[in-house]
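Whole structure, please, built from the sequences with the hints as guidance.
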Amino acid sequence: MPTTAYLLLGALLFALGAAGVVMRANALSMLVSVELMLNAVNLTFVAAAKRFGELDGVIVAFFVIAVAAAEVAVGLAIVIDVARRHVSVDVDRASDLSG
Amino acid sequence: MTLWLTVLLPLGGAALLALAGGRLGRRAHGAIGTGSIALSFGAVLSMTAMAGAGPGVHATLGPWLPLPGADLALAVDRSGLPLALMVTGVSALIALYSIGYLARDTGTQRYFAALDLFVSAMLLIVLGANLAVVFAGWELVGLCSYLLIGHWRERPAAAAAAVKAFVVNRVGDAAFLIGLFAILADRHTLAIGSLGPLSVAVSALLLAGAVAKSAQFPLHVWLPDAMEGPTPVSALIHAATMVTAGVVLLLRLGSSLAPEALGAAAALGALTALGAALVALAQTDLKRVLAWSTISQIGLMFVGAGLGAVFAALFHLVAHAFFKATLFLGAGSVLHATGDEQDVRRLGGLAGRLRWTTAAFAAGALGLAALPPASGFFSKEAIATAALDRPWLLAAVLLTGALSALYAARLFTLVFLGPAGSEASAAAHESPLVMLVPLGALGLGALGFGALVAGGAVALGVPEPASAPPALALGGGLLAAAGVALGWWRSRSGGHGLLPPALGHAALAGFGLDALLAGGGARSVAAIASALEHGAEATLQWSLDAAGRLVTRAGAQVQRAESGFVRSYEAFLLAGAALLLALWSLGGTGPR
Amino acid sequence: MDALVSAEQVLFAVAGAICLLAAANAVFRKDTLAAAVSLVVTLLSLAVIYLGLGFEFLAAVQVGVYAGAIVVLFTIAIMILSHARANESGTRAWRRLDLAGAVIAAVLFALLAAAILRGSLPVAVTAPASPTDIDAMADALFVRFLLPFEVASVLLLAALVAAVVLARKRSSEREWPRR
Chain A
22 MPTTAYLLLG ALLFALGAAG VVMRANALSM LVSVELMLNA VNLTFVAAAK
72 RFGELDGVIV AFFVIAVAAA EVAVGLAIVI DVARRHVSVD VDRASDLSG
Chain B
306 MTLWLTVLLP LGGAALLALA GGRLGRRAHG AIGTGSIALS FGAVLSMTAM
356 AGAGPGVHAT LGPWLPLPGA DLALAVDRSG LPLALMVTGV SALIALYSIG
406 YLARDTGTQR YFAALDLFVS AMLLIVLGAN LAVVFAGWEL VGLCSYLLIG
456 HWRERPAAAA AAVKAFVVNR VGDAAFLIGL FAILADRHTL AIGSLGPLSV
506 AVSALLLAGA VAKSAQFPLH VWLPDAMEGP TPVSALIHAA TMVTAGVVLL
556 LRLGSSLAPE ALGAAAALGA LTALGAALVA LAQTDLKRVL AWSTISQIGL
606 MFVGAGLGAV FAALFHLVAH AFFKATLFLG AGSVLHATGD EQDVRRLGGL
656 AGRLRWTTAA FAAGALGLAA LPPASGFFSK EAIATAALDR PWLLAAVLLT
706 GALSALYAAR LFTLVFLGPA GSEASAAAHE SPLVMLVPLG ALGLGALGFG
756 ALVAGGAVAL GVPEPASAPP ALALGGGLLA AAGVALGWWR SRSGGHGLLP
806 PALGHAALAG FGLDALLAGG GARSVAAIAS ALEHGAEATL QWSLDAAGRL
856 VTRAGAQVQR AESGFVRSYE AFLLAGAALL LALWSLGGTG PR
Chain C
202 MDALVSAEQV LFAVAGAICL LAAANAVFRK DTLAAAVSLV VTLLSLAVIY
252 LGLGFEFLAA VQVGVYAGAI VVLFTIAIMI LSHARANESG TRAWRRLDLA
302 GAVIAAVLFA LLAAAILRGS LPVAVTAPAS PTDIDAMADA LFVRFLLPFE
352 VASVLLLAAL VAAVVLARKR SSEREWPRR
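Protein chains in written order, with our numbering: chain A, 22 to 120; chain B, 306 to 897; chain C, 202 to 380.
Please keep in mind that the hints were generated in silico from the structure rather than gathered at the bench.
Just so it is clear, CB atoms sit at the ideal spot from N, CA and C, and this is done for glycine as well.
Just a few of them, taken from the derived set where beta-carbon distance is under 8 Å, the chain A residues facing chain B: (1) Ala39; (2) Val42; (3) Val43; (4) Ala46.
Negatives, chain B to chain A, calculated, CB over 12 Å: (5) Thr307; (6) Asp376; (7) Arg409; (8) Val468; (9) Asp478; (10) Ala480; (11) Leu482; (12) Leu500; (13) Arg650; (14) Gly657; (15) Leu693; (16) Arg695; (17) Ala790; (18) Ser835; (19) Thr844; (20) Trp847.
This is the structure in structure tokens:
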């Protein structure tokens, strides 16, 4: 399987995630999109690892997963807290940081 | 080097007074002020006595401006020594007088410092070897005039008069300076001896400077107002020395000036002399009569200088210095005695109470009226003689002489003769000795100087032209006598108006020129200045506002990025990433 | 056997297709629970791809941590927030953003694809030198990258504490919703 195919799949997934991040207003959906982008990156790294015969790409993917876990935990906690204040998870409404 | 001492001694006095005078008392101020001038007089005297001292003596202190012929150099030309003698001598006497006059004044430190500086500067004008030094002195005397006219700082009239004097002089100074630049551009030197014939334009510019400094028409308006200063100041600066600086300039430049300019000077002088004499006749203020009289007499000097009669002009200058200074100091004595009563209608009958003052004033008045044997007689004759071949000028000179006699007699009669016009006048007391001595000395000079010169006993350093034809001398003398008689007769009953009322009113107001200049000139200049100020301020304000508005608007634009909307943040984020990616891959550093 | 396409290629094709479809579903579904489930599918298909590439350990981690823990977290959060709504349809002032998002995503993909296709990567085959040896993996994680490993654990601890602090109820607040 040519490496390019994996890379293209990764790029596609990344673009999908990017679109979702901007187009969805639901905080949870946004987080899902972010996770998707992370996974796309993982796939790219893994394909590169395969291509160059090194394990380093896999290690990076491994750590990405770890960090993603941490990020999701904190992110969801924030979403819950914000949702408490605004009674909604609509990020468009939660523009408290404006100005 | 003695030459430079004459300038440096009073300058040192001024510096001493300025720096250390605060700790010294009033007497010390007077002593230093008078002493330094007296020493300077001594230096001039010694130079005169020295064999070889005379025209041609040159002394250079050192290089000054990086311009050709602009060193710190003094040179004695034909008029230098007589003038230096007169300046230092009269100044010393007046300084002595001032000690008494300002006995209760608190500003003596300023006064004597300015006085000393003035004498220094005047000597620069008289003795300067090049026009740069002369101009420096020119400006400095203007400064001292401003300081001294406004000596009584708390008087708004005095401050206004000082400013007026300075500003009007400035007009002439500007012309002078432009003339200097023209000379420099053309002749490449400022040394007086090597100027060669100057163009009409340059001569006119220099003449304008002389006109302003010497208070000739139309720049004479500052002199009557300058009477706000202390009387000794009026005597020294506005009678004997500074106002004669214009004449000095004309005399020293002499042959370098274009003939048209000299002719204009003579004509202007004649016109001024006549007009000012008429105005003097109508004045009711003691000092103002003398001020207008000065303007008139200097007009006569301009006639002499314009005709190239150096001896005549110089003679009259020195003679006038004596008798006008005497008159002014006498007036000061009167003011001192009557508690500053200056209105002649309220004076009178002082002859009995102020004997010495009366005698001195009479001597001065004789000089002014040009009655023999007073000095004024001889000097006026000299000018008339020079004007023999110019009928209009001659007529003006003679008529002015008659008018001078008229108002001199009127003044003397009103102030000293007849009944006392007011209580102050009745309670007058004679002045102290320190004032009377200089007064007397100058009075003697007023009487005797002319005879001495005419008799050849005193040399002025200039070759004496042919003496006046007897007919002229006789005619002049008769006119003077007639004038005196008429003036005395019409005034003795206390009537002070010798002119027909219409003319008298106009004359009293100086024929309206002052009002014209103040109204038209001064007001329009003030309006322009105000407009410029507001315009500048408004522009500045607007630009500041515009800058502020710009920043605010820019900030508002930037603020739109701080929307608080997460999604737009992300959109920008990703867009930026896309941009970077594009740049990277398309910019040559991407994958080949 | 020399088939026209190898087994690996088929595996990739299938897994890849499922992945894409599920990803699109996960991103664009209004129902967040359904989205979460689709996310699971995406993650699992990716794990399959990793397997196909020969990285078993990573595939296991992907399944266990990502599809396991992370998605579970998501699901719990979705449950908690089930009655919190996001006004995604109707009056939304930011239609421009939607378009911008699509455009940006398309541009991104285009650029990436261009970069990928232009890059002169030789056609790599999956066979040679694929160090999936577990020993090599252990060596990498615990020897060469020991520091990042430990730091990551600290990070996880910090995240744990942060999440607890952020999400707990304030004693002064009532349970939601705040009226």
